[in-house]
Each structure stands twice: as structure tokens, then as C-alpha cells.
Amino acid sequence: MFSALGNLQPRQLAAQILNFALVLSTAFMLWKGLSVFTNSSSPIVVVLSGSMEPAFQRGDLLFLWNRGKETQVGEIVVYNVRGKDIPIVHRVIRRFGGGSAPLQLLTKGDNNAADDTELYARGQSYLDRSKDVIGSVVGYVPFVGYVTILLSEYPWLKTAMLGFMALTVVLQRE
Amino acid sequence: MGDSKISPHSLAELKNTTDDALGNYLRGLKFEQDNTKLDVRLAIGYASVVIAAATFAADYKLGWEATKTWTAVAVVAYALLNGAFTYWMWAVEKGCVFDGVREGKKISVASKTKKHDPTYYLTVSSADSGSKQITAPFTTWFTADGYFVAKPFQQWLASSVEAIGNADSKNALRDERDEIASPSPEVELTPQGNGTAEASGTDGKAKGSKRSKRKG
Numbered sequence: 002m003f004s005a006l007g008n009l010q011p012r013q014l015a016a017q018i019l020n021f022a023l024v025l026s027t028a029f030m031l032w033k034g035l036s037v038f039t040n041s042s043s044p045i046v047v048v049l050s051g052s053m054e055p056a057f058q059r060g061d062l063l064f065l066w067n068r069g070k071e072t073q074v075g076e077i078v079v080y081n082v083r084g085k086d087i088p089i090v091h092r093v094i095r096r097f098g099g100g101s102a103p104l105q106l107l108t109k110g111d112n113n114a115a116d117d118t119e120l121y122a123r124g125q126s127y128l129d130r131s132k133d134v135i136g137s138v139v140g141y142v143p144f145v146g147y148v149t150i151l152l153s154e155y156p157w158l159k160t161a162m163l164g165f166m167a168l169t170v171v172l173q174r175e
Numbered sequence: 007m008g009d010s011k012i013s014p015h016s017l018a019e020l021k022n023t024t025d026d027a028l029g030n031y032l033r034g035l036k037f038e039q040d041n042t043k044l045d046v047r048l049a050i051g052y053a054s055v056v057i058a059a060a061t062f063a064a065d066y067k068l069g070w071e072a073t074k075t076w077t078a079v080a081v082v083a084y085a086l087l088n089g090a091f092t093y094w095m096w097a098v099e100k101g102c103v104f105d106g107v108r109e110g111k112k113i114s115v116a117s118k119t120k121k122h123d124p125t126y127y128l129t130v131s132s133a134d135s136g137s138k139q140i141t142a143p144f145t146t147w148f149t150a151d152g153y154f155v156a157k158p159f160q161q162w163l164a165s166s167v168e169a170i171g172n173a174d175s176k177n178a179l180r181d182e183r184d185e186i187a188s189p190s191p192e193v194e195l196t197p198q199g200n201g202t203a204e205a206s207g208t209d210g211k212a213k214g215s216k217r218s219k220r221k222g
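Residue numbers (my numbering), protein chains in the order written: chain A, 2 to 175; chain B, 7 to 222.
Each hint should be verified, as a subset may be incorrect.
Said to hold, decoys possible - Pairwise CB distance ranges, derived in the manner of DEER restraints:
1. B:Asp-40 to A:Leu-158: 44 to 52 Å
2. B:Tyr-127 to A:Leu-152: 37 to 45 Å
3. A:Gln-105 to B:Lys-74: 20 to 28 Å
4. A:Met-162 to B:Val-107: 20 to 28 Å
5. B:Ala-83 to A:Val-171: 54 to 62 Å
6. B:Val-107 to A:Phe-165: 39 to 47 Å
7. B:Tyr-153 to A:Trp-157: 36 to 44 Å
Said to hold, decoys possible - Calculated from the model, a selection of chain B residues having no Cβ within reach of chain A, i.e. all distances over 10 Å:
8. Tyr-31
9. Gly-34
10. Arg-47
11. Ala-58
12. Tyr-84
13. Asn-88
14. Trp-96
15. Ala-97
16. Gly-106
17. Lys-111
18. Ser-117
19. Thr-129
20. Asp-151
21. Val-155
Honestly, the hints are just simulated from the structure, not real lab data. The beta-carbon is built from N, C-alpha and C at its ideal position, and this holds for glycine as well.
Please put together the full structure from these sequences, using the hints given.
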């Protein structure tokens, strides 16, 4: 197969590499486009824990929207804990401020006994709407995100999948 | 080139190998290749890849908040370039495999295949004889186990395209050439005339069987 690549004219080789690069860059730019559209750094997230059952199960795929920041009590938001980069999906149970004042939120998992003050960073007892929250949940697809959970919990699956994809790319010209 | 073996069941491989051979053949006949179309495509394509790579690097180093505005600009630019890229391939290149000049005469060759149809469709445009489509089954120049045979391929091209025939008179079979490249290309459509059967082996066979069915 590589000998076939060696036979190509330099321009055709460049075109071949371009095809491959365009697949990657288009996927990335679509993701970024969705980010720009929703104004969220991570417009699609996967639920990792059961803390929001029965609303969301592990593996559900959530779509976020981060425009219109007057978040109300009862809305489900995704936030990052300061200093840690793990997104958490929980429901807003109290709000402070809003309007011209900065909006502060208190969240709680539907399936948890207590609110999230324990989860927040040290000394933090409220979320800052504009800094901490990535977006509000506006839609979801059940279960399909389970693939990514499997991939992160069984790392050998990742290796197997990458190997398989590399193989198909190498074996196909078109 | 000559001894590479491909899968005869893959239409993409048949086409790619034939496209490559066509370029080599015409370059060998001293056609001066003009790569402008491909170069423009490469320029547009790589420009968009560079934009995506820069966006990725900026996002990785500075994070989302700091790069928001520029990411929006980059997304729009990428979409525009991608649109231009698609338009260029679809409306300008149209499957072009070779643009070239020989003795001051331009020739442009575009190829395509159709799904589940092992036939090579070639559109040849030249300055003096306009644009015309010629077709031939891949079996004309591929063996059953996937080897490309140059001779019948070159004969087919030289015999059916005036400009190539002029450049390679050795491979241009006079009889066939007069038939295939005759002023009226409807020859193939007329049911009678033994000449058609001679034009290309497999074609003739297919037609023969059809005719016998009609009679029976």
C-alpha cells in the first residue's frame, strides 16, 4: 500500500494528505462552530454519574446553550469546579442577584441528599453564572454517550479503535 | 508502475490507477501538463487546514474565553474556504485528470465512473475538436487478477482521441480511429453495421448477445 503512495506525483501526494487533513480539520471546525453558535466552550457533554437520576442516566448526551444568562431556579446547568476540569450536571435550586448584579447560583443533584457546597472549590459557596457555568441543558439523547465512558474506563478499547481507524485510512485511497 | 497489482473489484482503485496511467502516458507523449486547477485546489485546501490548525493551537494554549472572537472569525473563514473548495472541485475541476498543451494545442481530460458500473467515462475537450465523451470497460486494460496493461489502454486513447492519436501515431489504429473518432459519434447507437462490433471487444460482445435475444 505504501509503495502505491510512493508512486504518486508530488502534487497527488499533497492532495492525498490534504484529503486526510480536511477530514480532521472539518470535524474540529464543526465542533468549534457549534461552540461559537451556543457560546459554550463545550456544547455537548456526556453524563458521567448517576447524581441526576431519574432525569439523566450515565451515558446520556446533553446539548448545552449558553446565551441568555438569566438562569432560573429549576434549570439544569453544567459547570466546572474551579481548579478541576470535570464538568458537573446539576439543577439550580437557588439564585442570587441577576439583572445588573452578577448572578450567583446554588446547585444540587436530583439524586443527591445535599446541595453542592461540598463539591465547590474551597471557600466557594455559590457558582458565578458567567465564570463557572458552561451552559444550560436544552436537549439530550439517551445512552449514546456511553461509548466515551467505555473508552475512558477501558483504555485498551481506545488503542484498538485507533488502530482500526488507522488501518482503514491506510488501506483505502478515496 | 507496470508491475503493481490492484484489486480488480474496487472501482476506486481501477479508476485511480487508470487516471495515474493516463497522466503518465500523456506526459510521455510530450504533452506539457498544466497543473493550475490542482494547484488552486491545494492552495484553498491547505489554507483552510492552516486556519483550523491555528485555531486548535490557540484554543489549546489560551483556552476558550480568550479566543472566542477569533474562533468565530476562523469558523466563518473556514466555512467560506470549504465552500470555495467544494465549488472548485465540483464546478471547475469536474473530475479533471489532465490539462495540457502540445504543439500549441490545448487538451483537457476529465474522468468519472458510475456506481456498480466498471466503465471508464472520459470527457476529452480540445481546442479544435470541442468536447466529447468516450467510454470503455476497465477490462480492456486490466487483467482479471488486477494488473494494468498499458498497450490496449494507449491504443484505445490514441485511436479515439484525435489529439492523442496525432501525438502517438504508432498506437492509433487507423480503422478504429476513423470509426470511433469519426465526425458522427452516433455510430455506436445504430444497430446495424459490423463495424461497431470491432470497435472494442467487450462492447461488441454485449451488443451481439442483445441482438440475438431480440431475434430469438
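Hint-by-hint comparison with the structure:
{"no.": "1", "hint": "B:Asp-40 to A:Leu-158: 44 to 52 Å", "in the structure": "holds, 49 Å"}
{"no.": "2", "hint": "B:Tyr-127 to A:Leu-152: 37 to 45 Å", "in the structure": "holds, 43 Å"}
{"no.": "3", "hint": "A:Gln-105 to B:Lys-74: 20 to 28 Å", "in the structure": "holds, 23 Å"}
{"no.": "4", "hint": "A:Met-162 to B:Val-107: 20 to 28 Å", "in the structure": "violated, 49 Å"}
{"no.": "5", "hint": "B:Ala-83 to A:Val-171: 54 to 62 Å", "in the structure": "violated, 31 Å"}
{"no.": "6", "hint": "B:Val-107 to A:Phe-165: 39 to 47 Å", "in the structure": "holds, 46 Å"}
{"no.": "7", "hint": "B:Tyr-153 to A:Trp-157: 36 to 44 Å", "in the structure": "holds, 41 Å"}
{"no.": "8", "hint": "Tyr-31", "in the structure": "holds, 13 Å"}
{"no.": "9", "hint": "Gly-34", "in the structure": "holds, 13 Å"}
{"no.": "10", "hint": "Arg-47", "in the structure": "violated, 7 Å"}
{"no.": "11", "hint": "Ala-58", "in the structure": "violated, 3 Å"}
{"no.": "12", "hint": "Tyr-84", "in the structure": "violated, 5 Å"}
{"no.": "13", "hint": "Asn-88", "in the structure": "violated, 7 Å"}
{"no.": "14", "hint": "Trp-96", "in the structure": "holds, 15 Å"}
{"no.": "15", "hint": "Ala-97", "in the structure": "holds, 18 Å"}
{"no.": "16", "hint": "Gly-106", "in the structure": "holds, 14 Å"}
{"no.": "17", "hint": "Lys-111", "in the structure": "holds, 23 Å"}
{"no.": "18", "hint": "Ser-117", "in the structure": "holds, 14 Å"}
{"no.": "19", "hint": "Thr-129", "in the structure": "holds, 20 Å"}
{"no.": "20", "hint": "Asp-151", "in the structure": "holds, 16 Å"}
{"no.": "21", "hint": "Val-155", "in the structure": "holds, 17 Å"}
Comparing the model with each earlier hint shows violations of hints 4, 5, 10, 11, 12 and 13; every other hint is respected.
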